[in-house]
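**Q** Based on the provided sequences and hints, a complete structural model is requested.
Quick mapping for you: the protein sequence lines, in order, are chains A and B. Note that the first sequence covers residues 60 to 145 in the numbering used here. Note that the second sequence covers residues 3 to 299 in the numbering used here.
Treat the hints as calculated values from the structure; they're not laboratory data. Don't take each hint at face value.
30 Å max Cα-Cα, derived DSSO-like pairs, lysine-lysine [claimed, not checked]:
| # | chain 1 | residue 1 | chain 2 | residue 2 |
| --- | --- | --- | --- | --- |
| 1 | B | K19 | A | K136 |
| 2 | B | K19 | B | K62 |
| 3 | A | K135 | B | K38 |
| 4 | A | K135 | B | K19 |
| 5 | A | K135 | B | K251 |
| 6 | A | K135 | B | K256 |
| 7 | B | K282 | B | K271 |
| 8 | B | K256 | B | K271 |
| 9 | B | K282 | B | K255 |
| 10 | B | K19 | A | K96 |
Not everything, but these chain B residues come out facing chain A in the computed CB check (under 10 Å) [unchecked claim]:
| # | residue |
| --- | --- |
| 11 | K19 |
| 12 | S22 |
| 13 | G26 |
| 14 | G58 |
| 15 | P61 |
All C-beta atoms, glycine included, are put in the ideal place defined by N, C-alpha and C.
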Amino acid sequence: MTGIQKHDQAAMSRPVEGSAGLTGSWRVFVPVVDNEKCNRCGICSLYCPDAVISRDRIIDLAYCKGCGICAHECPKKAIAMIREEK
Amino acid sequence: MEMDTITEIPDDEYILKCTSACAGCGDSLTLRYVLKAAGPDIVLVMPAGCTAAFQGIYPKTAFTVPVVNIAFGAAAACASGISRMFLATGRTTKVIVYAGDGGTLDIGLQALSGAFERRTDFLYICYDNEAYGNTGMQRSGATPLGAKTTTTPAGKAEVKKDIDAIIAAHNPPYQATACASYPQDLFRKVRKALTFRGPTFIHVLSPCPPGWRYSSEKTIEVGRLAVKSGMWALWEREHGNLAISAPTKAAMKKPVPLEEYLSVQGRFKGIDGTTVEQLKEQIRETFHRFREEEDRP
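**A** What follows is the structure, given as structure tokens:
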């Protein structure tokens, strides 16, 4: 593995989750999914810039920055952005 | 919304949670689909820009694909070297430059032109947020006429540089435009570009909430309005043959009023009527040029 050590001398970063901290702490409004209204189309997860919404619509709140794109784009209006108390 | 195309896009994500990109970042969304389309066997070459800045804090990164961070003006030159080395050693790994509008239209233009002239086998993607976002929204060659930036507080007096025409003059086998608001279209174009040998180019409009001064949830809507109003056109050109993408075809038949696009953004606040007319004239000219090019035998 001498090659990798050489690269390390050239300032190499390694992939790790949370490299920029828990970005969920940035959030002011939290997305809340109404499972009654949701028709599982997947548009929220399609448009999430940070891919924090999984296919089965579980939102990773440790990282969700609260941008609100999911709620704005949801065709069924099944996601509400609620002000978060911290 | 074409449901089937959503399922065609792989579930794999190549950026770990989470970069330090702003909430609602159009560039993050663009990069997400670029990487989904390209897969893991790539090298990303990145000059200075928002994307280089939001990778993570050394020695950590959110990117699971190899990234070479290189000086602002040198991305295409660096990619040329890597691509040539892969060719010499028989590696099939794809080389992709992911650069902003500053690193493409202004600072990286010379290296970009050189790499295209040498027929470097690589894909150059320009994510365009129409200013130097990472340093606080100074005007770039890509800033449109009338847009306010921190260095054009009264609105930019010059028109946006037509980088796509400059690229077209290099006769690449494939070039396209895309927009973060149409991820399926972007995904398909990246996949297609990677099937060509030689230099290929994709220019992606990536709306920027803090820079364009709209609230973060409107990123998709703003990008969509850019296309529907004609301020941004979606097309691809394969060996010189132009094909207009469906959303722009619809816009050419019946565009939404430009004011709808301008009024949702703070950067166009207080724009005067003459400038709006000039922008509308530009759109009409672009559509006219498209029709002529399409009709050519």
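**Q** Check the hint pairing K135(A) with K251(B) against an upper bound of 30 Å on the C-alpha distance.
**A** holds, 27 Å
**Q** Can the restraint linking K19(B) and K136(A) be considered satisfied, given a maximum Cα separation of 30 Å?
**A** At roughly 26 Å apart (the allowed maximum being 30 Å), K136(A) and K19(B) satisfy the hint.
**Q** What's the verdict on K282(B) and K255(B), does the C-alpha distance respect the 30 Å limit or exceed it?
**A** This hinted pair holds, its Cα atoms lying about 15 Å apart.
**Q** Interface hint check: G26(B), Cβ to nearest Cβ on chain A, cutoff 10 Å. Holds or violated?
**A** At 3 Å from the nearest chain A Cβ, G26(B) passes the 10 Å test, so the hint holds.
**Q** Does K19(B) pair with K62(B) here, judged by a C-alpha cut-off of 30 Å?
**A** Status holds; Cα separation ~12 Å.
**Q** Between K135(A) and K38(B), does the CA-CA distance stay at or below 30 Å?
**A** holds, 27 Å
**Q** Hey, K135(A) versus K256(B), does the alpha-carbon distance stay inside 30 Å?
**A** holds, 27 Å
**Q** Take a quick look at whether K256(B) and K271(B) sit within 30 Å of each other, Cα to Cα.
**A** Judged against 30 Å, a Cα distance of about 25 Å means the pair holds.
**Q** Closer than 10 Å between Cβ atoms is the bar; does G58(B) clear it against chain A? Give me holds or violated.
**A** holds, 3 Å
**Q** If you draw a straight line from the CA of K19(B) to the CA of K96(A), is it 30 Å or shorter?
**A** Distance of about 28 Å is within 30 Å: holds.
**Q** Starting from K135(A), check that the Cα of K19(B) is at most 30 Å away, please.
**A** Holds - the C-alpha atoms of K19(B) and K135(A) are around 27 Å apart, at most 30 Å.
**Q** Mind checking the alpha carbons of K282(B) and K271(B) for me, to see if they're no more than 30 Å apart?
**A** holds, 17 Å
The structure meets every hint from the earlier list without exception.
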